[in-house]
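4 protein chains.
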Amino acid sequence: MSYRVAVAGASGYVGGELLRLILQHPELELGAVTANTNAGQSLGSLHPHLPAIADRLLVETNEANLAGHDVVFLALPHATSAEVAKTLSDSTLVLDCGADFRLEDPSAWEKFYGTPHAGTWTYGMPELTLAEGGKQRGRLRDQKRVAVPGCNVTALTLALAPGLTAGLFDPTDIVSVMSVGTSGAGRALKSDLLASEVLGSARAYGVGGVHRHTPEMEQNLTKAAGVRASVSFTPVLVPISRGILAVNTVRVADKFDFETLKLVYQDAYSDEPFIQLLSDQLPTTAAVLGSNNVQISLAFDQHTGRVVVVSAIDNLVKGTAGAAIQSMNLALGLAETSGLMFGAVAP
Amino acid sequence: MSYRVAVAGASGYVGGELLRLILQHPELELGAVTANTNAGQSLGSLHPHLPAIADRLLVETNEANLAGHDVVFLALPHATSAEVAKTLSDSTLVLDCGADFRLEDPSAWEKFYGTPHAGTWTYGMPELTLAEGGKQRGRLRDQKRVAVPGCNVTALTLALAPGLTAGLFDPTDIVSVMSVGTSGAGRALKSDLLASEVLGSARAYGVGGVHRHTPEMEQNLTKAAGVRASVSFTPVLVPISRGILAVNTVRVADKFDFETLKLVYQDAYSDEPFIQLLSDQLPTTAAVLGSNNVQISLAFDQHTGRVVVVSAIDNLVKGTAGAAIQSMNLALGLAETSGLMFGAVAP
Amino acid sequence: MSYRVAVAGASGYVGGELLRLILQHPELELGAVTANTNAGQSLGSLHPHLPAIADRLLVETNEANLAGHDVVFLALPHATSAEVAKTLSDSTLVLDCGADFRLEDPSAWEKFYGTPHAGTWTYGMPELTLAEGGKQRGRLRDQKRVAVPGCNVTALTLALAPGLTAGLFDPTDIVSVMSVGTSGAGRALKSDLLASEVLGSARAYGVGGVHRHTPEMEQNLTKAAGVRASVSFTPVLVPISRGILAVNTVRVADKFDFETLKLVYQDAYSDEPFIQLLSDQLPTTAAVLGSNNVQISLAFDQHTGRVVVVSAIDNLVKGTAGAAIQSMNLALGLAETSGLMFGAVAP
Amino acid sequence: MSYRVAVAGASGYVGGELLRLILQHPELELGAVTANTNAGQSLGSLHPHLPAIADRLLVETNEANLAGHDVVFLALPHATSAEVAKTLSDSTLVLDCGADFRLEDPSAWEKFYGTPHAGTWTYGMPELTLAEGGKQRGRLRDQKRVAVPGCNVTALTLALAPGLTAGLFDPTDIVSVMSVGTSGAGRALKSDLLASEVLGSARAYGVGGVHRHTPEMEQNLTKAAGVRASVSFTPVLVPISRGILAVNTVRVADKFDFETLKLVYQDAYSDEPFIQLLSDQLPTTAAVLGSNNVQISLAFDQHTGRVVVVSAIDNLVKGTAGAAIQSMNLALGLAETSGLMFGAVAP
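Protein chains in written order, with this note's numbering: chain A, 60 to 406; chain B, 60 to 406; chain C, 60 to 406; chain D, 60 to 406.
Be aware that a few hints might be false.
The list that follows gives simulated cross-link-like pairs (lysine-lysine, BS3-like), each with its CA atoms no further than 25 Å apart [to be verified]:
1. Lys249(B) with Lys249(D)
2. Lys170(C) with Lys249(A)
3. Lys170(D) with Lys145(D)
4. Lys145(C) with Lys249(C)
5. Lys145(A) with Lys194(A)
6. Lys170(C) with Lys194(C)
Derived from the structure by calculation, the hints contain no laboratory data. Computed from a predicted model, the values in this text were never measured in an experiment.
Construct all of the structure, not just a fragment, from the sequences and the given hints.
Given below as structure tokens:
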């Protein structure tokens with residue numbers, strides 16, 4: 060059986076990555092590929108790395124073009140997703156790679172995005188451990204509307220959730236600093252994304268708790284911890300195209316014990332197909348490039364009473380498009396790993 | 060049906076890439092993975108990007124460990140391949156990713172490598188057009204010994220062969236300058252391959268006709284042209300890990316016509332599954348990264364009477380490991396594209 | 060004695076580099092810094108690497124603001140330079156870093172730039188050897204209008220001129236392929252200059268003899284050779300911000316002898332303060348980064364009858380702003396090296 | 060007046076940077092340049108970016124060769140510095156760029172370095188604010204033995220010291236994560252510093268409080284705060300050759316007020332010649348490359364009660380060689396800025 064899928068917003072980097080993964084998925088058939096200003100262009104002109112569909116033309120993102128698909132992926136600017144989503148059939152599985160439906164708290168949405176809250180969809184992070192027991196995976200089966208997590212959010216959440224759920228971390232003292240690649244900033248023209256500005260340089264941005272991924276991080280970690288979590292998050296742009304290397308540090312709770320922590324993580328993640336818990340090595344973004352994998356390492360700094368959980372993902376795969384496919388698999392009742400079990404491209 | 064394959068020299072970059080591709084191939088089962096100084100280590104410690112086989116241990120490269128496989132890939136230093144090859148059964152398909160069996164002319168081998176010539180195996184470049192008619196593909200079926208081409212050689216040969224076979228190029232006036240990534244230099248420790256030396260820098264090497272790929276280039280182009288070809292080749296190391304961007308220029312023959320040339324290339328390559336002939340775009344290494352694809356563009360500079368054929372490949376895939384799998388597919392009678400039809404990882 | 064200098068077009072990369080060099084020059088005092096759309100902004104917002112002048116404001120590029128300076132550097136888009144130049148006093152030394160006044164042949168200008176030819180100024184390449192004897196240096200003294208050479212042009216010209224002047228090269232068979240950094244493309248927003256497109260990738264552009272630097276290259280080499288020279292030139296964009304690594308190959312003339320060639324280059328360049336003739340090493344862009352130096356190496360490939368001259372420059376220093384200061388020094392009668400004798404920043 | 064200076068350990072990256080800065084210093088004359096295994100080689104072979112001294116030969120690092128200089132810079136592996144230092148005259152100014160003489164607490168030294176403590180020299184960080192009043196600058200005048208700070212240490216210390224001295228930060232809750240370039244790891248051959256491993260990748264190292272710079276960081280911040288400070292520090296290697304981008308976060312003290320903090324930093328740093336306090340921009344490593352400058356920005360995240368101080372330095376200049384020259388200037392009674400007032404090389 061094959062599902063017919065559409066990609067709305069196929070001209071950007073997330074759209075391109077969805078196309079790459081759809082082509083590799085044994086149970087998917089590519090239907091409409093849509094865009095806004097790029098409608099009419101060929102995929103080959105925008106994504107020359109996908110020769111199999113180079114001659115396909117982008118059509119306009121509208122109700123008619125997106126109708127008649129089993130699955131629609133939205134890879135659109137925020138606020139636009141919500142508009143397009145309204146036009147889609149209830150029986151279609153829709154996965155939004157944007158932010159519109161991630162947050163549950165309308166005031167958090169409005170504070171960070173400045174537009175009215177569009178609603179909340181089922182959150183597409185299967186591996187998220189929940190304070191109430193179980194993982195988010197159980198909630199995705201048969202869903203028709205899925206909000207795909209933010210890339211930085213995934214790097215932090217998967218790194219800290221098990222320790223929080225186990226009560227081993229203090230949820231009020233979390234500091235996360237991430238080295239992130241440029242593709243996460245999208246394909247729009249901005250002067251500080253010019254290669255001349257990025258090559259040979261590192262720079263922080265969204266400094267001081269203002270990055271839009273912060274409330275989503277706290278929403279997740281609060282679900283994992285069962286009590287309110289807060290996060291100090293700072294991203295640093297570095298000269299890599301893909302990848303997030305997250306250094307997540309958290310003060311340990313009173314009852315902390317490092318051996319227990321390691322068991323907790325093994326218990327949470329040893330059966331997860333996309334999570335590698337490293338013991339003798341440290342994560343690198345190169346080791347996950349192009350794959351849906353997450354690398355995680357644990358270290359305890361007794362001297363400061365902090366655990367340092369380092370995690371690495373490919374922002375366009377496990378950070379977005381791969382996570383979307385993984386949630387789609389679950390929502391459709393396919394094998395969760397279908398079309399996603401390949402190694403990274405390294406070096 | 061599944062073929063059991065071994066990789067000899069699995070600790071290096073070519074070895075790692077063979078493993079990645081073998082894992083994605085539907086008709087292969089991984090047998091022994093061998094190394095020399097790294098024997099005893101886990102694949103996870105050397106290739107952390109391949110979690111599916113992280114716990115597999117490298118065994119020593121010797122006759123016993125390599126016996127009992129349908130296919131053996133050799134990813135060994137030159138001269139070592141020839142030694143190991145002697146120990147392998149005649150009924151085993153052996154593909155050498157090194158240089159030992161590529162050259163037909165013993166004196167060329169000795170001049171460039173300084174050791175006795177080990178022999179010549181069937182050359183694993185299916186798309187190579189031959190002056191005598193047909194392509195090299197026809198010679199690979201049922202072979203048991205295949206010499207996988209050099210990476211730079213592939214980038215040049217596929218770029219110029221059709222025009223030479225058609226008699227539209229002067230085979231005695233070819234200049235090729237390539238921007239090449241660092242993985243082509245392998246994993247050995249050399250001070251000029253330190254990141255501090257490579258980042259932000261470009262440097263030529265092997266300047267003045269001394270690069271070892273030169274005689275192999277000329278061997279191929281001579282077969283394509285039917286008359287003796289000579290090549291001025293200069294590689295330039297640039298700060299990318301993978302990829303070859305080749306600028307191949309050639310003086311046109313007297314009877315040259317650019318429209319004819321374009322037809323010749325379309326005729327030669329439009330049905331090739333791994334070759335993209337670009338008309339409105341120019342090749343980039345990013346657009347082939349991680350894939351077995353080749354991008355080629357043609358331009359005619361009337362003013363100097365030279366054609367400039369730009370080509371791009373991933374040196375570890377179409378340049379080595381992917382080419383090895385492709386030739387293996389042909390030699391085994393599988394579909395030539397089996398396990399190799401995936402897009403590149405971009406951006 | 061101190062000269063008061065203005066920079067017109069100070070918001071771009073060439074403008075920024077002129078400012079950096081002016082601040083280091085012992086005999087210059089910075090006057091007006093002008094821009095077009097960025098007028099009113101502080102230099103600190105555009106060039107945060109120059110804290111000494113962070114609070115200076117950009118003023119509009121107009122006659123009044125540029126009046127009253129001893130020296131005016133133009134770092135403007137082509138055609139704009141010519142417009143602004145008209146408004147400047149004859150007694151002011153004007154150096155144009157753009158293309159407007161480089162070409163002597165109006166038809167070449169019109170073919171490559173598509174606008175009317177503005178005229179020709181004294182060419183600012185002191186080290187250029189001339190077929191008629193001497194070097195270009197001798198023509199710069201006391202000049203009031205200087206055309207600063209194109210960056211790629213400098214990398215090629217200095218590499219080949221002495222051999223052409225000596226009659227050792229065939230001026231009709233020159234092939235040059237350069238690995239170039241992104242800053243040479245300027246600060247304007249273009250999608251193919253986004254970091255995500257450039258990182259990890261190499262791509263050729265201006266392929267097939269259409270790059271605008273071609274006629275300037277041929278003009279120079281014709282002056283060096285004394286007979287008409289033609290050049291096949293292809294630039295390749297690589298992930299470095301600064302630098303040009305040029306692989307320049309040329310067929311040798313009948314009377315060629317490699318030992319003679321080396322003597323010719325030593326004779327031409329051993330006293331040049333900014334040219335390093337390497338014998339045991341090869342040029343790298345890292346080794347000239349931030350400096351006004353040129354590295355040049357010679358190799359002879361007897362087998363193809365071609366000499367390969369590799370050269371490296373920093374496109375923003377010896378390729379533009381440094382060359383401008385050097386010519387200014389000569390035109391003002393200062394020491395040619397004043398303000399320019401510093402090493403490169405490596406690694 | 061000119062001082063004669065020697066560089067012991069001139070073959071590495073710090074040694075090379077010292078040479079570059081010495082050549083630009085108006086009051087220095089280069090004497091002996093020494094090395095261990097590289098003795099006998101020319102500087103040109105090791106530092107081709109410094110053509111002015113390309114023909115100088117490295118001599119052995121020994122007492123005789125280092126005698127007779129006014130100033131000796133040590134750029135040696137730790138433990139070696141202490142050995143060499145014993146052989147130098149008391150009247151010679153000696154500046155150690157290594158770690159041997161930085162720590163005051165012998166047990167901290169032994170814990171992190173595993174060798175006997177060699178002693179403590181005057182700490183070469185002029186801008187360090189002290190809880191007891193004043194800055195470290197006052198202690199450097201006329202000193203003969205100076206310990207140059209560690210590069211990461213400088214990036215953290217200058218970022219947080221004024222707020223700690225003012226009592227506005229909690230010295231027990233400091234988390235610092237730095238993106239660091241590869242040159243900080245030196246020129247020794249290590250497989251994880253190969254360009255193929257570094258390009259396109261980010262990876263943390265020294266995770267969990269084990270990095271050797273940690274005790275030096277805490278020593279400095281304790282002096283700034285007047286009470287014991289502790290630091291959770293994690294470095295991340297990113298694909299840049301030079302530069303440190305430090306994200307330093309600290310919980311605010313009870314009496315904290317952000318406006319007060321900004322005034323405290325202005326008071327501490329507005330007259331510092333090498334520190335730029337940014338208000339509308341954020342630091343980048345590109346903006347300090349090649350310069351002795353430090354960029355610092357302040358942000359307050361009220362939501363988590365943490366201040367985020369971002370700082371950027373060039374690890375080889377302000378992080379090592381530039382700091383050494385600056386301390387030398389002070390120790391010799393020269394202008395502190397002599398030979399160091401130049402802008403960065405950007406883009």
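Status of the hints after comparison with the structure:
no., hint, verdict
1, Lys249(B) with Lys249(D), "9 Å, holds"
2, Lys170(C) with Lys249(A), "33 Å, violated"
3, Lys170(D) with Lys145(D), "23 Å, holds"
4, Lys145(C) with Lys249(C), "30 Å, violated"
5, Lys145(A) with Lys194(A), "29 Å, violated"
6, Lys170(C) with Lys194(C), "28 Å, violated"
In this structure, the earlier hints numbered 2, 4, 5 and 6 are contradicted, and the remaining ones agree with it.
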